[in-house]
Structures are given as C-alpha cells and as structure tokens.
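Visitor: Protein sequence lines, in the order shown, are assigned to chains A and B.
Sequential numbering from 1 applies to the first sequence in this note's numbering.
Sequential numbering from 337 applies to the second sequence in this note's numbering.
Honestly, the hints are just simulated from the structure, not real lab data.
Any given hint could turn out to be false.
[Unchecked claim] Using C-beta positions, here's what the derived DEER-type ranges look like: (1) B:364 - A:253: 18 to 28 Å; (2) A:307 - B:427: 48 to 58 Å; (3) A:303 - B:570: 18 to 28 Å; (4) B:616 - A:27: 25 to 35 Å.
For each residue, glycine too, the CB sits at the ideal point set by N, CA and C.
Number of protein chains: 2
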Amino acid sequence: MKDLELTLFKYARIVDHYIYERLTGTPEELYKAALHLIKAGGKRLRPAIALLTARMLGGIEAESRAVPLAAAIEVSHNFTLIHDDIMDRDEYRRGVPTVHKIWGESWAILAGDLLHAYAYRFIVFSTDHGMSKGEAHEAMKVLTTAGIKVSRGQAYDLMFENRWDVTPVDYLDMVYHKTGAMMEASAKLGAIAARASNEVVELMGQYGNLLGVAFQVRDDYLGVFGDPKKTGKPIYNDVRRGKKTLLVLLTLSAADERDKELLMRVLDPRSEKSEEEVVRAAELMKKYNADVEAMRIATAYAEKAKEILRELRDVADPSARDILSFMADYAVTREK
Amino acid sequence: MKDLELTLFKYARIVDHYIYERLTGTPEELYKAALHLIKAGGKRLRPAIALLTARMLGGIEAESRAVPLAAAIEVSHNFTLIHDDIMDRDEYRRGVPTVHKIWGESWAILAGDLLHAYAYRFIVFSTDHGMSKGEAHEAMKVLTTAGIKVSRGQAYDLMFENRWDVTPVDYLDMVYHKTGAMMEASAKLGAIAARASNEVVELMGQYGNLLGVAFQVRDDYLGVFGDPKKTGKPIYNDVRRGKKTLLVLLTLSAADERDKELLMRVLDPRSEKSEEEVVRAAELMKKYNADVEAMRIATAYAEKAKEILRELRDVADPSARDILSFMADYAVTREK
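Extracted from the complex, chain A is given alone in its bound form (with noise of 0.2 Å):
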C-alpha cells in the first residue's frame, strides 16, 4: 500500500506540474473553472496507470515521454466528471461543489469542452516529449477511441435510468465503456510510450480494461456501504437517482415480490420516496447478498488483471509490475 502511495504521489506531482504549465489562458474565469475539480483532489489513477506501465516495459526513459499522455488523461476524465455531474445533478464531488454548481451549467459545459480540446492537445506536445510522430498518432487512436466509448458509456448509463429489463451483462458492458475505456487507454498509452509490441499494447489494455471495471463496481458499492466522509460524496445518491447499479441487479434478480416491488419503486426516478425507504432499499441488497456478490464479481475482474501482468515477458521494471498488481488489489478493497 506504501509503495503504492508513494507512487501515486509523485506521479500527481509531475503530472499535475505538467497541466498546470499549459492549461493557463484566458478567460481566466473559465480555466479556473476547467481546473477546479482537478486542483480538488483525485487519486490520479489513470495518470498512474500510464505512467507505471511505461516504466514497466521501457523504464524511465519511457515514463518520461509518457508524461504528456499521463496528463492528457487525467484533462479528460475530469472533462467527463464535469459533464457527468451536470447530467446527474451531483452537487459535490472530491468533496467540493461541483463546476455547475458553482459557475452554472453553461460555464461547466465549456469548462468540459476545453478540457477535451486539451486532452488531445497534449497528446499533440507528447512529440516535445520523445515520442514519434507515428506513436502520438497511435496514442491520438487510442485516446479518440476510448473519448467515443465514454459518451457511448454514459449514454448507456441514463438509459438505465428508465429501464427495468437491464442485466448484469448489459451493466457491466455499460461500465466497460464508461470507466473500464479510460482505463484501458491509460495502460495502452504507457505501452505505446515504451514502444511495446502490438500484441503487448493490447494485452495492458486488456488489464486497464480489467482493472478499470473493478474500480467501478467497488465505487457503486462504496455509494451505498461506504463512508461519505471518506468518499467525499453524499451516500444513497445512486439508490435516490435510481441508478442500475450491480448492487441493484443482484438484488432485483434474487427478490422476493414484495422487497422488489419496494426496491422498484424507492429506484423510479419519478416516485417520491422518504429517507427511510431509501435506507430500507439499501438494506435489502445486503439482505440478498447483492454486496458479498458484486464484491465477489470485481474481485475476480481485479484477479484477471493481476494474471495479464503475470503473462508479460521481458519486463524492464518488475517493481513496476507489482505496483501496478497492487493496484488491481487497491481497485476491490479501497475505501474511498
């Protein structure tokens, strides 16, 4: 967990040196606002992924030119929070408001654009950085494929919200394209920094891919079992919004009549509902084991991740490769 730790903290610094070095203009206003969530926090995992696996396969060489990509990540998943939050009305995040809710939606919609329109403007100065022209355009593929796979995600996620007919297998192809892309890029952008073989760029995606789906359904398990204090959100929102969680799935497919006729209605977005029902809805996913389940599910994903990195050959940095298994462990145990 040190290491980790460690790792985590001195990869945000240089990452972070590196966005706030080019991410100035004017209006101010609006590159304040841009940078607001960003300034607030975050655990710049995606950034850590990037970084460790170029370390991994090319040592430091590698992670140098991989930090323009690092840092193009980390722009555009917060461009995707930024948004996000304006779709599901989430008044905090990191534990501050959220864009809109401080500088109005309009604000934080052009606050999202200009993060997107700089994520791939870094990827541009990545040829400043050591990298060919030919790997910036392979990093560019990769970073507008997963940008199209985040929309596609999200689109599917508000979908949900009005369907009852949603399966575990449709969540978590939603949750690939939603957080498990972004992931997967982050890894396969390290790859393309240490100038890994097709067939290991692919593999790292894969374990992004892995990793980045364990992340999301121990985050919807933190939503309702965990501790708003150190998850820096309000606890019960996704049950409130009527999100289709796994948490949710598991338990509407083991009901009884009567708690799914309860958990339907408490999860309609258009029902009014008391704070006591929302917690009774809560309970009922332990009372189906929907937590030990879904826990369960995203260890196995985090597992199959940790085997990817076990397969790799020639690894340059193993202590890399351990940092990033750890990750797959820190992804379906951590707490905020």
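Start from chain A and add chain B according to the hints.
Guide: Then chain B, alone, in the frame of chain A:
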C-alpha cells in the same frame, strides 16, 4: 454564385457521405441525436473552405486527401452548435428543433461530446486517405488549437451578456475566437493536405479567420434585419437575450442618453420587456446607422480576405481561387 452553389452541393455530398459512413454505433439514439443537426442541413462552408483550399494549392489529389479533415471540421462545428444551443437556450436551428429541445440537455451534452471526439478521430483516419503521419500531426495541432479557441470565444460571448463595457474591438476578438478560429482551421487544414509551405498555411489561415469574422458580423446582422423564413432562426433573439453584437455596440456608442437607456433596458437579460420595446430597440440600430456601419466593417474583412488570395503565387487550380474569393463576397451579402 452558381459556381459556389454547385461547389457547396458537390462537397456537401462527399463530406456527408464520409461522415454518415463512419458516425454509426450504439446506442442508436445517441448517434441519431449527434447527427440531427448535420442531417437538418447547413451550408457546409467550413468543409468547402478546406476542400477548395486543398484543390487550389494542390489539385484534385490534395482535395481527396483533405476529405477526412473537411469532415472533421464539419463534425467539430456541429458539436459546438449543439452545446451553444443549450447555453443560449435556442429552440430552433436550420429550421428544426435543437438537439436539447428534442432529447433533453443531458443527451445534447453527450451528443456534442461524441462529435467532438469523432472530429479528432477523423483526423486520425486521414492517414488512410493519403496523409502522412507527420501531416496528420500538423492537422491535429491545427484542430486542437481551434477547439480551444472556440471554447474561449464562447466563454467571452457569455461574459459579455453581463458586461456594459464591451468595445467593438473586444467584440471582434471574441468573434475571431468563436467563429474565425474554426474557419482559420478549415483553410489551414486544406493547405496542409496540399503540402503547402508553412508560410502559405499561415496565409490561408488568415484568409479563413478574416472570412469567419466577416461571416459572423453578417450573421448578427441577419439575426436582426434578416428574414426568419430564410435564416431558419427566430428574429430579434440576440436582442432579447442581450447579446453584445457589433450592431448593439455601435448603436450604444452613437446613441443619445434616452435611446441608450432604452436599448440598455431591453438588452438587460433580467429585465421584463414587451415585444414592442424589442422592435424599437432594433429600430434604434437603423436610426444610428449601426446596420450600415457593421456591414461596412464586415465588407472590409471580406476584402482583406480576397487580397490574401491574390497574393498567392503558383496556384494549381485558379478556378478554386475564384470560388474562395467569391465566398468572401457571399459571406457578407448572403440572406441566409
């Protein structure tokens, strides 16, 4: 005029075909929302600038290489339209309801984000159309620069709504960012596809930028003095919303105290105003010759754009230059 019309028609077919073939996926509803405004029409001026510039400087091979870049520009332009319509609360464009009006704000945000990612994706694809990776890298530099400027320009536009100290120079700078930058990018992308020298790329950038500003001033003019049946947009919307257009700024600087007071009251976004007052505010612009003066400024920009075209040596296709020159005249004389 007929040459321009035929060119726009021919290029629109090529670019639309390129876009429709590639902009497909699930959920279908998201792609439908993303394509809604593109399918509703539009002049396809930006892709035409890219394709004409490429043909003028490099003949039909360059024109063919520029197709993905032209598609990228059109898709990027439509992303900004979808998001701007949310911010401006516009309900109609191109004679149809706007995306957020049909699908709601969340879907409109997502549809715009999807198009934004596809714009860069199409630049990546350009290497399948004869562009080298180095050229694609240059193209990416141009499109990311424009994307950042457009967000900044829109932010200035929003800020101006609540400011009374905006000068015509501030306005023209805002318009350069909001509209000029994307037309600048269109012309530059065409020049890059033609393998033109840096100097010619920059010159064509200036042509696009001047054309864009001329075009936008005419747009503001048509918003007040145009025929809504031709423009497809409701009349006086900018007045009602308190947009600080060049017409407004010129009127404010020339009006006597009483007229100024009326105009400022009508333009205040928070004020209650009758339709009659809105009409009177528009009439004030004619009274103080702001209509004539604004079009004089727009025409000066268009003339400068034409001058740049005349400066070019070694033009591969002079007929393309004639059409680009005519486009500058069209920008400031068009009725829709």
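Visitor: Does each hint hold? Answer for all of them.
Guide: Now the hints, each set against the structure:
no.: 1; hint: B:364 - A:253: 18 to 28 Å; result: 27 Å, holds
no.: 2; hint: A:307 - B:427: 48 to 58 Å; result: 53 Å, holds
no.: 3; hint: A:303 - B:570: 18 to 28 Å; result: 59 Å, violated
no.: 4; hint: B:616 - A:27: 25 to 35 Å; result: 32 Å, holds
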